[in-house]
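A.B. asks: Here the structure of chain A is known, so what remains is to put chains B, C and D in place on it, guided by the hints.
Okay, here's what each chain looks like letter by letter:
There are 4 protein chains.
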Amino acid sequence: AAERFTGPGDLQRLTRPTDAHKGDFGRVLVVGGGPYTGAPALAAQAALRAGADLATVLTPEPVADQVQGFSEDLIVRGLPGARIEPTHVSTILEAAADQDVLILGPGLGAADPTREAVGQLLEAYEGKAVVDADAISVVSAVETDASLILTPHRGEFEGLGGESADDRDGWATSAGRVAADLGQTLLLKGPHDVITDGDRTRINRTGNPGMTVGGTGDVLAGVTGATFATLDPVPAAAVAAYLTGMAGDLAAESRNGGLLASDLLGTLPSALGGEQA
Amino acid sequence: AAERFTGPGDLQRLTRPTDAHKGDFGRVLVVGGGPYTGAPALAAQAALRAGADLATVLTPEPVADQVQGFSEDLIVRGLPGARIEPTHVSTILEAAADQDVLILGPGLGAADPTREAVGQLLEAYEGKAVVDADAISVVSAVETDASLILTPHRGEFEGLGGESADDRDGWATSAGRVAADLGQTLLLKGPHDVITDGDRTRINRTGNPGMTVGGTGDVLAGVTGATFATLDPVPAAAVAAYLTGMAGDLAAESRNGGLLASDLLGTLPSALGGEQA
Amino acid sequence: AAERFTGPGDLQRLTRPTDAHKGDFGRVLVVGGGPYTGAPALAAQAALRAGADLATVLTPEPVADQVQGFSEDLIVRGLPGARIEPTHVSTILEAAADQDVLILGPGLGAADPTREAVGQLLEAYEGKAVVDADAISVVSAVETDASLILTPHRGEFEGLGGESADDRDGWATSAGRVAADLGQTLLLKGPHDVITDGDRTRINRTGNPGMTVGGTGDVLAGVTGATFATLDPVPAAAVAAYLTGMAGDLAAESRNGGLLASDLLGTLPSALGGEQA
Amino acid sequence: AAERFTGPGDLQRLTRPTDAHKGDFGRVLVVGGGPYTGAPALAAQAALRAGADLATVLTPEPVADQVQGFSEDLIVRGLPGARIEPTHVSTILEAAADQDVLILGPGLGAADPTREAVGQLLEAYEGKAVVDADAISVVSAVETDASLILTPHRGEFEGLGGESADDRDGWATSAGRVAADLGQTLLLKGPHDVITDGDRTRINRTGNPGMTVGGTGDVLAGVTGATFATLDPVPAAAVAAYLTGMAGDLAAESRNGGLLASDLLGTLPSALGGEQA
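Chains as they are written, first to last, in my numbering: chain A, 1 to 277; chain B, 1001 to 1277; chain C, 2001 to 2277; chain D, 3001 to 3277.
So that you can see chain A by itself, here it is in the shape it has in the complex (with noise of 0.2 angstroms):
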């Protein structure tokens, strides 16, 4: 039985084997952006560096152009028009087709339009996807079979419908009953995270004050993204939490603050090696 507590123990699961080829390690598509530029940026480069193959980005063309400046890495495709809206819906489910995990919000907004967009995406959407920002909010109105890691902070948890606790065991039972009643995965953030699918619940320790820096949310989005390409939802989301908070911490160990979330990039490569802040 998998522990209580992520460890560096968790960072097992993704060895690779040498006979790799390209696209093994996961392809991720990251949709998002249009009010916000930096986030599906951030989302795209964290999943690269947690270790998918490809990362693409969908995003409304007056961000893709400085999307794709951030890093030669990414493949950026723009969208027609300022944000994400219905009639993207058949194209982002066509380039969704060949890809293992989609991310869906970072940066997205809360426009009517986009909570449509994303409202049918999740209505058609089959495969595995991440959920998070303003894209959460959206499914506990919709029906989907679609495999959900939803990574709310408490503020979107309580959007869910999950009850604030007094302490850590609190809010673990309270979001393992939000999980069971979605059938989803939760990864809810927070000092001490808990990812839960209702049945098995985990709590990732790692992280410091320093993240509450703008960003860290679309980074934890795309690390979710990559490790869910190759485990199951609950393994998947421990890891990522894990991961990403010991990012963080690889980032802070020298500082009292001053911490951005494109640091966390530089980082997460010794966060996956195993090194301890």
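It should be emphasised that the hints constitute simulated quantities derived from the structure, not laboratory data.
It is possible that part of the hints are untrue.
[To be verified] Okay, the calculated bits of chain A under chain B, using three or more residues with CB under 8 angstroms as the criterion:
{"hint": "1", "segment": "60–73"}
{"hint": "2", "segment": "203–213"}
{"hint": "3", "segment": "258–270"}
If you're wondering where the values come from, they're calculated on a predicted model, not measured in any experiment.
Cβ atoms here follow ideal geometry from the backbone N, Cα and C, with glycine treated the same way.
C.D. replies: This is chains B, C and D only, laid out in the frame that chain A set:
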């Protein structure tokens, strides 16, 4: 009572509690750019490196894409037209409403419509603001309920009616008089910086001649925005001057010149962590 | 006689005389991009990092600005339209006239007009060229007086009529047959790379599973362009495979994954200097 | 008397007094770009890395955004049209009025209208200028009251009427004759650089064969602009040649090739600080 000279002890004010949430350490809004592009990008990145949780830039559309291109960690919004002008004031005030500190000035230029917009902003805004560069000279002509830190160099200080002086004590006295008249806090930049609200006065001795390079003032404005989010004006300005100078000293340590303002973005975390040059 | 396996000794071919002039170590022209942006940028930068003196990129205008944005060291020219097509052939041939090596393929995509343009280029060009990615499948359908190094992965190799094999020796025999038929040099990528012109065969054992990440093939194409500028096809391809694999090994040394193709740009100089992972 | 060979002692000329103000160490204006994008960006950044306080670039609009994108530390202004031409001359002269040094040449190209504009600039300008690349050949055809440092490679030197020579002393004599004829200072680039105004002659021996890569000439032009801001022409050119070569030596130290011109931006501060390769 606070000591006269800034020092490492000032950094203790910046400790982060372990149960922090996103945004607890400050949401900073930079209003700048138009004739200049790098200035608002430096200020916003410096705010994050000094511990702010979110840095948003409002800047004219022709430079917005480039400001965003410098960092995935920034949130950038373009305003129509080539420079900030009165038509933007309501949008800026709306954006400032859920921010902790407004940084007004970096790269704005001194065009008449821009100065008019700055005046209208200061008259309507009631929160905390750092006022830098070409925005400084507008302050003496308007009534404002905002709490301001002004960051003039000596030329800008004289534009505020400040008398030049022969030595550090003279500058301190002269700065105290201007600060008292304005009812605001001054961070007067020089070989030694003077921080004063007319009542309390601090002197900062970090920094070096390599910091005469362009852009270091933008970095200081950004750092001040971050510290002002959680501290009162005089300690905020004192810590900001200390940190920025120390970041410059750390960057210059092994050099005889060739320091860039953007180098300080790299050394600010070490400065924040208490490292000494 | 050259040894069967590539090794550090191969690097001795790359020594630079002290009275060298600009361009002595190769002018490389990358023709790529359109549907993809990062690929030609990676190839061109890799050529410079492997010792080429000048790297020029001809790429469709919509991606030209972004390719340039990745590095001040590249010369980038935009061609009208969204992808390479027959109307560009005369411009490309003209540009190729004062270059040492043409790199044809990175990020071109497989659209019919692009394949037609590649065919026309190969028929008219008489110099040295590295042919990669979607351009590879065009080679068997055209007559060319050019001297080519083809860099197929196994799928592309089978598209050239190559038979798949059970072990390394089988792949080498099969690759030698295809190379002899084409009258060109093959660099067949795999866990162990096979370099052969049908007569001489070399095997390269550097590289690791982390290099399944997207973009490493573009880096290899660029490195091959640089080595081909001063060496004959088989030694050029052998050294390029060795260097790129070693750059990947150096980048992966302290990691369990998370390798990006762009990381190799940073480690190529160490590989070139003879460092061992 | 100055020694014949440049050396670390030359760096003592560059010491900064502690009461310096912004701009004391030079305002440098780069006029370049159009057909090329990276060249003016390299020159301007090199000027800052060599100690200039402000670096402004005037460049045709189609490349202005990309030049700016390389660094927050640059001030970039776009000029209408695809290349520098006579209609820009008055704007450039106006911008040059409050600058210390004009750098004319990097990436300008050799189109007739550009050469005409360079001629008009040289005839009207009376300050200090570094003349590089395609701008060099214009100098012998115009009358100018400006104080110039020309930075030709051997081909450009012969275009100025310089005779080629068999050895270093021959080049020095030949360069001295051209410099005396022009009444200007020459920095003749080669395995050993010759710096001469026809009266005084210095030889620089730093640098290495890896510096045959494209863009190193742009870096040298930028460094010369920075040193010329505070020094006379011959010592300025001598220090610039020494620094740039030393920056190249420091960058090449652990390499067998793969040096990029942009690498020198990173090592210039160490060179300036007196480090030896």
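A.B. asks: For every hint, state whether the structure bears it out.
C.D. replies: Now for the hints, and whether the structure bears them out:
Under the rule that three or more residues need a Cβ within less than 8 angstroms of chain B, the assignment of the segment 60–73 of chain A holds, with 4 such residues. Here the segment 203–213 of chain A counts 5 residues with a CB under 8 angstroms from a CB of chain B, which clears the bar of 3, and the coverage holds. Counting residues of the segment 258–270 of chain A whose CB lies closer than 8 angstroms to any CB of chain B gives 5, which reaches the minimum of 3, so the coverage claim holds.
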